[in-house]
Amino acid sequence: MARMKFLCDAERCIECNGCVTACKQEHDIPWGVNRRRVVTINDGVPGERSISVACMHCSDAPCMAVCPVDCFYRTEEGVVLHDKDLCIGCGYCFYACPFGAPQFPQTGAFGVRGKMDKCTFCAGGPEPDGSQAEYVKYGRNRLSEGKLPACAEMCSTKALLGGDGDVLANIYRERVTHRGRGAEVWGWATAYKLPANTPSTQGIPVPNPPATGAPAGGSKS
Amino acid sequence: MMKIAGVIALAVGALLIAGCGERPQVVRYKQGTYQGKPDTPPYDAQFKGNRGEWENALATRNQAQNEYKRVQ
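Protein sequence lines, in the order shown, are assigned to chains U and Z. So the first sequence is numbered by the numbering used here: it starts at 1 and just counts up by one. So the second sequence is numbered by the numbering used here: it starts at 1 and just counts up by one.
A couple of the hints might just be wrong.
Claimed, not checked - EDC-like mimics (lysine to aspartate or glutamate), calculated; alpha carbons at most 20 Å apart, straight line:
no.: 1; chain 1: Z; residue 1: Lys69; chain 2: U; residue 2: Asp85
no.: 2; chain 1: Z; residue 1: Lys48; chain 2: U; residue 2: Glu76
no.: 3; chain 1: U; residue 1: Lys115; chain 2: U; residue 2: Asp28
no.: 4; chain 1: Z; residue 1: Lys30; chain 2: U; residue 2: Asp70
no.: 5; chain 1: Z; residue 1: Lys37; chain 2: U; residue 2: Glu76
no.: 6; chain 1: U; residue 1: Lys147; chain 2: Z; residue 2: Glu22
no.: 7; chain 1: U; residue 1: Lys137; chain 2: Z; residue 2: Glu67
no.: 8; chain 1: Z; residue 1: Lys37; chain 2: U; residue 2: Asp166
no.: 9; chain 1: Z; residue 1: Lys69; chain 2: U; residue 2: Asp28
no.: 10; chain 1: Z; residue 1: Lys37; chain 2: U; residue 2: Asp28
no.: 11; chain 1: U; residue 1: Lys158; chain 2: Z; residue 2: Asp44
no.: 12; chain 1: Z; residue 1: Lys48; chain 2: U; residue 2: Asp166
Read the hints as simulated data drawn from the structure, not as lab findings. Note that this is a predicted model, so its numbers are computed, not measured.
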């Protein structure tokens, strides 16, 4: 199995926030903590684009590098998790993360920062799988039930994909082939620079690059 | 005249090699070593350690995200 990854297709995301709701509901996330959120660029302008953002489970995660108590670990499947018993809530990971994934619950009346909370790829944490302790600290462990993250599985437009990175890349590739554009925007080959003649990148139609100066995705009417 | 030229040459030489002794000022972070509790593989509990079965379950659900396969 390859690494577990998320992929959000900006061409499909309709900013419904269903993924955010699914995540909150699935893990009983407290008020003020958003493991996932939808970011919209050029909101309200024709051609606006939205993407759903959470922990991207980086292969070289900066949060892991800056943590002073080394509470992060990466599972065999490439999911970045952490031990809340060890976390001191210092917030270094928040500053290091380019996606703003680490969240800190306000546990006291005076805004005392709690232990860090973030997307677990629905893989729980270092407590026994499926236990109450795991649910309370990290949320539901869907991965151990043979399921994929709730946000991706319930996405109505299938903009948000989650699972094996190679499979996601194939799904996205097929989608791009059908609609005839978007290969240059996102995807495994874009991120990891696969050579153009490898079998995994063959068959992708390469669309014309957008004209400079034109607004992305359309023009004002 | 020669003296001034010598001083200038010396100054230029010193200026040219001034950067050689500079150290990189970018912090290079090293990955930490996990200090917390050990975690069990996700296929240990419900799938009783059967990794293949677990991977098949995930692969099936992964394909459910591909509507070109799901809806014919």
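Here's how the hints hold up against the structure:
1. Proximity of Lys69/Z to Asp85/U is assessed by CA-CA distance (about 43 Å); at most 20 Å being required, the pair is judged violated.
2. The suggested pairing of Lys48/Z with Glu76/U holds, with an alpha-carbon distance near 17 Å, which does not exceed 20 Å.
3. This hinted pair checks out: Lys115/U and Asp28/U have alpha carbons roughly 16 Å apart, not beyond 20 Å.
4. For the suggested pair Lys30/Z and Asp70/U, the alpha carbons sit about 11 Å apart, so the restraint of at most 20 Å is met.
5. The hinted pair formed by Lys37/Z and Glu76/U meets the criterion: a straight-line CA distance of about 16 Å does not exceed 20 Å.
6. Between Lys147/U and Glu22/Z, the direct Cα distance comes to roughly 53 Å. Violation of the 20 Å bound is thereby established for this hinted pair.
7. Of the pairs offered as hints, the one joining Lys137/U and Glu67/Z is violated, with about 34 Å between alpha carbons and a cut-off of 20 Å exceeded.
8. Proximity of Lys37/Z to Asp166/U is assessed by CA-CA distance (about 30 Å); at most 20 Å being required, the pair is judged violated.
9. Of the pairs offered as hints, the one joining Lys69/Z and Asp28/U is violated, with about 32 Å between alpha carbons and a cut-off of 20 Å exceeded.
10. Restraint check: the Cα-Cα separation between Lys37/Z and Asp28/U comes to about 23 Å, which exceeds 20 Å; the hinted pair is violated.
11. A C-alpha spacing of about 30 Å is found between Lys158/U and Asp44/Z, which places the hinted pair above 20 Å, so the restraint is violated.
12. Of the pairs offered as hints, the one joining Lys48/Z and Asp166/U is violated, with about 26 Å between alpha carbons and a cut-off of 20 Å exceeded.
Of the numbered hints listed earlier, those contradicted by the structure are 1, 6, 7, 8, 9, 10, 11, 12.
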